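Q: Use the sequences and the hints to build the structure in full.
Sequence lines, in order, name chains A and B. Okay, so the first sequence: first residue is 184 according to my numbering, each after it adds one. Okay, so the second sequence: first residue is 184 according to my numbering, each after it adds one.
These aren't lab readings, by the way, just hints derived from the structure by calculation. Nothing here was measured: the structure is a model prediction, and the numbers come from that model. Keep in mind that the hints are not guaranteed to be accurate.
Note that the list lumps identical chains together, so a pair holds whenever it fits in one copy or between two copies.
With a cut-off of at most 25 Å between alpha-carbon atoms, the simulated PhoX-like pairs for lysine-lysine come out as follows [to be verified]:
(1) 265 <-> 605
(2) 208 <-> 428
(3) 592 <-> 251
(4) 372 <-> 251
(5) 428 <-> 592
(6) 209 <-> 265
(7) 525 <-> 209
(8) 209 <-> 592
(9) 284 <-> 209
(10) 273 <-> 284
(11) 367 <-> 555
(12) 372 <-> 209
(13) 553 <-> 403
(14) 372 <-> 213
(15) 222 <-> 372
(16) 555 <-> 526
(17) 222 <-> 605
(18) 605 <-> 306
(19) 312 <-> 372
(20) 213 <-> 525
(21) 372 <-> 208
(22) 592 <-> 208
(23) 312 <-> 605
(24) 525 <-> 605
(25) 367 <-> 251
(26) 526 <-> 418
There are 2 protein chains.
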Amino acid sequence: MNIPQSSFPRIVIIGGGFGGISLAKKLSQKEYQIVLLDKHNYHTFQPLLYQVSTGGLEPDSIAYPIRKVLQGYTNTYFRLAKVQKIDTEKNIVETNIGELKFDYLVVATGSTTNYFGNQTIAKNSMSMKSIPQSLNLRSLILENFEQALLTDDLHEREALMNFVIVGGGPTGVELAGALAEIKKGILPKDYPDLDTRRAQINLVQGSNRILPAMSEIASKKAEQFLEGLGVNVWKDLRVTDYDGKIATTNNDTVFETATLVWAAGVQAVNIKGLDAKDYLCPGNRLRVNEYNQIDGFEHIFAIGDVAQMESEQYPHGHPMMAQPALQQGDKLGENLIRLSEKKPMLPFKYHDKGSMATVGRNKAVADLPKFKSQGVFAWFIWMFVHLYFLIGFRNRVVVFINWVYNYIKFDREARLIIRPFKKEFRLNSEN
Amino acid sequence: MNIPQSSFPRIVIIGGGFGGISLAKKLSQKEYQIVLLDKHNYHTFQPLLYQVSTGGLEPDSIAYPIRKVLQGYTNTYFRLAKVQKIDTEKNIVETNIGELKFDYLVVATGSTTNYFGNQTIAKNSMSMKSIPQSLNLRSLILENFEQALLTDDLHEREALMNFVIVGGGPTGVELAGALAEIKKGILPKDYPDLDTRRAQINLVQGSNRILPAMSEIASKKAEQFLEGLGVNVWKDLRVTDYDGKIATTNNDTVFETATLVWAAGVQAVNIKGLDAKDYLCPGNRLRVNEYNQIDGFEHIFAIGDVAQMESEQYPHGHPMMAQPALQQGDKLGENLIRLSEKKPMLPFKYHDKGSMATVGRNKAVADLPKFKSQGVFAWFIWMFVHLYFLIGFRNRVVVFINWVYNYIKFDREARLIIRPFKKEFRLNSEN
Chain A
184 MNIPQSSFPR IVIIGGGFGG ISLAKKLSQK EYQIVLLDKH NYHTFQPLLY
234 QVSTGGLEPD SIAYPIRKVL QGYTNTYFRL AKVQKIDTEK NIVETNIGEL
284 KFDYLVVATG STTNYFGNQT IAKNSMSMKS IPQSLNLRSL ILENFEQALL
334 TDDLHEREAL MNFVIVGGGP TGVELAGALA EIKKGILPKD YPDLDTRRAQ
384 INLVQGSNRI LPAMSEIASK KAEQFLEGLG VNVWKDLRVT DYDGKIATTN
434 NDTVFETATL VWAAGVQAVN IKGLDAKDYL CPGNRLRVNE YNQIDGFEHI
484 FAIGDVAQME SEQYPHGHPM MAQPALQQGD KLGENLIRLS EKKPMLPFKY
534 HDKGSMATVG RNKAVADLPK FKSQGVFAWF IWMFVHLYFL IGFRNRVVVF
584 INWVYNYIKF DREARLIIRP FKKEFRLNSE N
Chain B
184 MNIPQSSFPR IVIIGGGFGG ISLAKKLSQK EYQIVLLDKH NYHTFQPLLY
234 QVSTGGLEPD SIAYPIRKVL QGYTNTYFRL AKVQKIDTEK NIVETNIGEL
284 KFDYLVVATG STTNYFGNQT IAKNSMSMKS IPQSLNLRSL ILENFEQALL
334 TDDLHEREAL MNFVIVGGGP TGVELAGALA EIKKGILPKD YPDLDTRRAQ
384 INLVQGSNRI LPAMSEIASK KAEQFLEGLG VNVWKDLRVT DYDGKIATTN
434 NDTVFETATL VWAAGVQAVN IKGLDAKDYL CPGNRLRVNE YNQIDGFEHI
484 FAIGDVAQME SEQYPHGHPM MAQPALQQGD KLGENLIRLS EKKPMLPFKY
534 HDKGSMATVG RNKAVADLPK FKSQGVFAWF IWMFVHLYFL IGFRNRVVVF
584 INWVYNYIKF DREARLIIRP FKKEFRLNSE N
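A: Written as structure tokens, this is what we have:
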């Protein structure tokens with residue numbers, strides 16, 4: 184790979200998500216050469232992907248060019264590359280555009296959908312971890328309604344208007360709420376010649392409450408909000424298979440649906456060469472110490488979703504979301520600077536800023552360090568926090584304008600089938 | 184096709200472009216049943232496609248859901264359909280979703296790229312007539328620069344940074360200007376490790392001036408603007424072939440380029456069954472009389488790019504752009520209402536509102552009915568007019584915000600490779 188030689192040690196960062204970007208920012212203009220690799224040329228603000236899927240936001244407003252983030256950082260290089268293998272003996276990263284030697288390596292590859300080995304579900308369901316995937320889901324939802332108009336078979340029509348979302352975490356809850364609002368506010372106007380009251384939104388959760396990582400009150404309120412919007416919330420139910428038409432479950436419940444969204448699990452993105460048993464944890468996470476060093480290495484780090492830093496409070500590592508990634512990126516940056524100054528590294532400590540999920544207009548739940556809130560106030564906090572963490576002034580303005588417009592007009596205008604959904608996109612949808 | 188029976192005559196409109204939409208609006212709530220067919224579920228504001236290709240705008244802000252346009256229009260139906268054939272004897276439209284009988288038919292299918300029969304150019308060049316095509320071009324431009332970083336072969340690197348735009352009409356001029364601004368304002372910051380001064384933007388025009396449909400002064404000034412921005416303007420030069428690497432011309436000039444954009448010609452979109460010799464004109468346009476009736480038919484009309492209404496002033500029909508389509512849609516609507524009221528139809532008269540093209544910031548040319556202008560004032564008019572004709576309040580606000588941002592920051596933030604460009608997309612890019 185064409186990276187100039189430098190007199191400073193080279194840090195290779197794999198992944199331009201929350202962790203990788205926060206690290207690269209921290210290390211700018213320091214005594215290192217930084218090479219950031221990503222398979223996309225943009226950073227994705229994943230928490231808002233469900234709004235792209237449901238036509239509330241344009242994809243471009245939640246993506247940000249990585250080169251723009253790095254503008255003006257001397258000694259920092261970006262390469263659009265897919266990493267294929269790490270050679271931890273020779274300290275080489277192998278990619279589709281060639282090899283690269285590193286002095287330090289930071290794995291910040293994030294997470295992907297976990298189908299728990301079920302290939303049929305993987306093949307037939309939709310997921311929502313990247314912008315292309317979210318656009319595929321947007322196209323499919325809209326195509327389903329166009330298709331529903333064409334059939335005289337009531338059975339088929341209902342399957343086309345039946346949505347099954349598997350997984351009652353924030354993604355599932357937010358998507359279910361957005362679909363319910365579309366059903367109520369947009370479908371009857373867009374499809375006056377279709378009985379859209381028959382559209383069904385089902386949220387299926389394997390345990391006995393949705394949002395299991397949040398407080399009991401948040402779970403309860405979110406469920407009430409969803410039911411108020413007409414979502415069928417199924418608890419203690421697990422989808423066991425889905426052939427593209429019929430979803431079966433662990434009991435007699437069966438869903439006939441053309442759209443099953445799998446939001447029931449994530450796993451870390453694994454890289455060949457970093458898969459030794461002593462540090463590879465369940466879900467492909469890499470066990471790291473309090474300095475984010477992967478067990479057994481001094482110079483190879485992992486941050487964010489892919490890192491499992493076990494502690495008394497977090498025996499299975501931190502939650503796989505934006506905050507730990509941002510904070511670990513920042514702290515690791517600080518530690519690498521300390522290293523270059525021959526100072527000892529400092530242990531990472533996670534500051535839990537709380538978690539939240541939005542269900543619909545004026546309806547969100549928030550568990551914050553000092554208080555819990557459900558309803559309008561939580562909804563405002565949710566919006567403020569998301570705008571705050573979105574990268575780029577233009578993106579913030581465009582998202583804000585869209586939200587204000589959607590709120591006032593009860594509308595979502597990005598209901599566009601820019602590229603019709605095709606199965607081959609799904610199988611290759613990480614692109 | 185599942186369209187309810189109605190006591191009113193049925194008008195089928197093929198195409199939701201400027202003409203089809205303006206007609207459907209005019210006919211809302213009148214004594215007709217309207218069925219609008221389009222292969223996309225959105226209207227495309229084609230004049231701004233080049234800004235999508237160059238990262239200045241998100242695609243969603245120049246597209247508008249057709250169902251949203253038609254919201255609240257009783258007796259009006261939209262179907263996402265590809266028309267395959269017209270049966271003018273049985274008055275039937277055949278589509279991929281079934282057949283539909285019509286009482287009146289309006290062909291508003293618009294235009295597509297004309298390669299004048301050159302299959303090699305068609306296969307290897309990019310065009311910009313639809314949103315997917317524009318996004319493909321955006322991806323390819325960005326991928327070229329990423330690729331240029333990777334090669335040590337100076338020859339190959341220059342070919343990757345060499346852009347050839349064939350056709351000096353408004354599309355070619357606007358794209359060339361935008362690329363020149365990117366070269367100047369963004370590339371050096373995004374690619375500090377690449378000698379982007381070597382990037383070349385070539386605009387190739389077959390005749391002796393660019394913007395040949397505009398005034399001499401507009402042509403001259405636009406050329407000056409382009410040259411000021413560093414664009415190489417080639418006149419009296421025709422690209423004769425392009426194999427994906429080398430573009431040959433009608434003289435010794437040869438371009439080595441990875442990106443050839445073909446903006447040198449358009450032709451009307453033809454439909455099987457409407458291709459009789461007596462009304463089919465060169466470039467697939469359909470000859471219509473002053474009421475937009477296709478020669479030989481009382482109940483079949485054509486409007487916009489696909490209609491050739493010959494007159495003394497316009498012996499080859501009106502220019503293929505938005506204004507004639509908008510005006511013909513409106514007038515035909517009025518005439519169809521008159522028909523239902525048993526009044527005679529009125530002949531169409533084109534009100535030429537002028538034409539304009541923008542080259543870059545503060546630089547546009549405008550030939551208006553009362554005066555001509557070149558420079559800052561023309562640029563403001565250009566922006567105002569485009570915002571005015573854009574459909575949808577949200578779209579206007581988002582486009583405006585983007586323009587203000589891009590202007591102040593000398594930036595274009597939508598430089599995202601959302602879907603990498605693949606050749607199979609090009610071959611099937613109308614999707």
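Q: Which hints from the list above does the structure break, by number from lowest to highest?
A: 2, 5, 11, 16, 19, 24 and 26
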